[in-house]
Amino acid sequence: MQQLIYMLDLFGVAIFAISGSLAAGKKQMDLFGVVVLATVTALGGGTVRDMILDLGPAFWVTNPTYLIVVVIAAIATFMLVRIIDLHPKALVIADAVGLAVFTIIGTEKALNADVSGFICVVMGVTTGVFGGMIRDILAGEIPLILQKEIYATASLCGAIVFYLIYSVLGLREPAVIISFAITFCLRLAAIKWDISLPRLSPNEKQK
Amino acid sequence: MQQLIYMLDLFGVAIFAISGSLAAGKKQMDLFGVVVLATVTALGGGTVRDMILDLGPAFWVTNPTYLIVVVIAAIATFMLVRIIDLHPKALVIADAVGLAVFTIIGTEKALNADVSGFICVVMGVTTGVFGGMIRDILAGEIPLILQKEIYATASLCGAIVFYLIYSVLGLREPAVIISFAITFCLRLAAIKWDISLPRLSPNEKQK
Amino acid sequence: MQQLIYMLDLFGVAIFAISGSLAAGKKQMDLFGVVVLATVTALGGGTVRDMILDLGPAFWVTNPTYLIVVVIAAIATFMLVRIIDLHPKALVIADAVGLAVFTIIGTEKALNADVSGFICVVMGVTTGVFGGMIRDILAGEIPLILQKEIYATASLCGAIVFYLIYSVLGLREPAVIISFAITFCLRLAAIKWDISLPRLSPNEKQK
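Protein chains in written order, with our numbering: chain A, 1069 to 1275; chain B, 1069 to 1275; chain C, 1069 to 1275.
Quick caveat, the hints were computed from the structure, so don't treat them as lab data. Treat each hint with caution, since some may be false.
Chain copies aren't distinguished; within one or between two, either way the pair holds.
[Claimed, not checked] Under the rule of at most 20 Å between Cα atoms (straight-line distance), these lysine to any residue pairs were calculated in the SDA-like manner:
1. Lys1094 to Ile1205
2. Lys1260 to Asp1098
3. Lys1095 to Ile1218
Go ahead and model the full structure; you've got the sequences and the hints to work with.
Written out as structure tokens, the structure reads:
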């Protein structure tokens, strides 16, 4: 199980790195900008979490695998983006996997740091969504997730469920599986919902 | 006295949370965006201070009351903003209270961390103004306080006065009272001054 | 040698403070905004590095000389910018000195923190370029260095060379001198190159 979470974690890191790279590409950034945006998107949430909880050096300092995955994903995206025609839905589904895994990892890290359940849930959401927020700021946009409720809400529900099952009931594996399923399904349901339901004032959004 | 400062601290947190919520509302953010902007506005300055001074986990990790106050204030603002017609001056005066209290708390926390007086003053100002700066960046604006001198200057004067009276003379309660009065009055005076005195090049400001 | 590096470090801090002040001036910021932008530009990279590596309080907390240099440089720029006609090339060359020195200091600090070589190089680049990134965000711009590859690339090459010579060969002084020369020369060469080589899609850049 631990092994599976670690693999999914690296998968999430790669996915978020690709999403950061694509955002950088839209802004005509060069290779270095692409790598920077990939890095903050993929590692930013966990870094902020580690700083807030004062967990010592950021998690990717002691395990460079994370950074290596990011750099490879960013360079591959930079080179392949004009060749391979990535199906938009593939990225969205992969992003939902990353969000679900990051939420679980963030919540569990906070649990191990022995803070209150409320803070554990906040740290789970922080790990899941902060990277994307920094990406949007660096790309000169108002963070999208501040305008699309259900992204963070999916993470919030997953974090609460994970905390309740793991901390209160003491069942780790069911906590991981159920939390993952909830975040993932809520997020995918939200995408469908987003497509069908227009916003109240779409032309005022991007003032 | 300690009790009074704590109450004013929570009051300042609630006020800054409301100010963050209103900024989020202007940008058509949803409930989650409102809560995030409320959180960074209210807790961002103190969090950055705790990270720079390496004071362990951020202050709101060990005392969740802060975060609870933020969430309640944000949700209440989100729900009531269309019903209650908040007098703009009420918010401005409350904001000045928050600025004055945050400045005192930040300066004192740095004093307790045993750093030089210069750093204490810088940390007082950081605690007072950084939350608002992050709020503006997330909302896609150039931070207003970088363009309105007297906001931070009021905090600066309050921090210097608090440091001098408390650290040099050893009088804590007079330091709190006089520092509070100076920041608060300077800020209110500045608002009047801002209204009457136009800027040199107002139409170039928001390029 | 240590003394020389420290002098160059303070020189780099002053230069980056001036660059931050000029960016603030362009945005019609007042004196406080100028000082804040000067501070984040000059000290931001090192502060983020110290937080990520968990090196205790930020480096300028225990040695206020840095902050004093920043404030003096910022106020001097604010007052003199209309009087003295600074040659643009002087600033660019001085900036290259700062970038080269910051890269060496960041890489060495990470080396002393006993992290892997990969992380050392990343921390060298972070120290060199992060301050400028935060400056641009606060000034409401997409960070320029994300769009101008050779700025960070110069820092990257300098960091790699410093790490290899110092860590693998154990020669500190040659490492400093060669790393400095590489970053500095690459950066100056890049400026010439930037002038002569137009970007692929210049009018889409600042979308």
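Hints, one by one, checked against the model:
no., hint, in the structure
1, Lys1094 to Ile1205, "both (14 Å within a copy, 18 Å between copies)"
2, Lys1260 to Asp1098, "between (33 Å within a copy, 18 Å between copies)"
3, Lys1095 to Ile1218, "between (26 Å within a copy, 17 Å between copies)"
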